[in-house]
Amino acid sequence: MEHLVRAHAVVAPLPPRAPLRRLRQALPLHRRLPRPPRLRSLPARQARLRHRLPSPLCLAVFPTSAALRAHRPACKLSGAPHPSSVQSLTRSMSRMGVRGGEGAVALGCKMVGGESDGTLDVCARVCVVDEHEAILYESFVKPLIPVTHYRYETTGIRPEHLRDAPTVKQAMRRVQDILLNGEQSYSSCGAARLLVGHGLEHDLDALGMDYPAHLKRDTAAYPPLMKTSARLMSNSLRYLTRTCLGYEIQTGGHHHPYDDCVAAMRLYKRMRAMRDQHGRSKDNDDDPTVKAFPAWRQRELERMSPEELLAMSKPDYRCWCLDDDRRC
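Per the UniProt record's numbering, residue 1 is the first one in the sequence shown, and the count goes up by one each step.
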């Protein structure tokens, strides 16, 4: 009987004002109460969602947490937002009658394989974003020739994605409408937009369209972004994004053209904000001192120091900083 009494004995409860920690310690290990989750107030959660986390590059630069917190709202090195969230925002803006702003737009295409060996690049997805990284147009594209290799590992494209998609000609017209910006034809002084991209000739050829050279801003062909070797060669967009912007793209899995558009646009805006230190800029574009040196002053040219030669030299490309005040 004594063992039954001990088995049914009731443990005397703790006083009602005992802290929860003492109550948890008094219970057996297998019956201890779980710790309550840490609750955040609604303003704190909204602030956490509203402020972007800093780039890992910033985490290594700022020595203290206070300096990092002060930098976090202005951090420009975060990766591109997920395309689905940007698409929902773009649809909401369209329903409210809000259209993309003026200025440059970025174009990106994803290719699948055509021909018998699958090596011919065929456009199967296109994306266009504005300077604020909002999607102006994004769609799968139905190629004119049969697709023999979908390159699913990197594109994420399946046959069902292209079955009811717009044709290449329809997608080309949509892109042209965005670039013309209400004009009937391209002009150097009109409202046509600047076109930004990486390897623009490849993407434009895949869409079957052309664009004036003076309106194209190709990060693969801009000399300050190219390899400084004996012969100018293009850097990959992945390398430029990691080196100049501080974050990674195309790291694995499916690649979305939106990420390429955002990276190219950020590179363009960064180059546009930099003044050319070697001669031509928006301040001295018409400076007579940077004109060609006359042949009859050859001896004077030979006596100049390297610093003097650099000061009077003129680059053989147009600086993108001149786009800030583009005018007729």
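For the record, the hints were derived by calculation from the structure and aren't laboratory data.
Be careful, since some hints might not be right.
[Claimed, not checked] If you anchor each label on the Cβ, the simulated ranges turn out as follows:
hint	residue 1	residue 2	range
1	M274	G156	50 to 58 angstroms
2	N181	R303	48 to 56 angstroms
3	E300	L180	43 to 51 angstroms
4	E201	T119	23 to 31 angstroms
5	H202	P159	51 to 59 angstroms
6	L309	R231	35 to 43 angstroms
7	G190	A134	52 to 60 angstroms
8	L310	G182	25 to 33 angstroms
9	M312	H254	48 to 56 angstroms
10	A66	Y317	21 to 29 angstroms
11	M274	N181	43 to 51 angstroms
Virtual Cβ for every residue (Gly too), placed ideally from N, Cα, C.
Index of numbered hints that the structure contradicts, given in increasing order: 1, 4, 5, 6, 7, 8, 10 and 11
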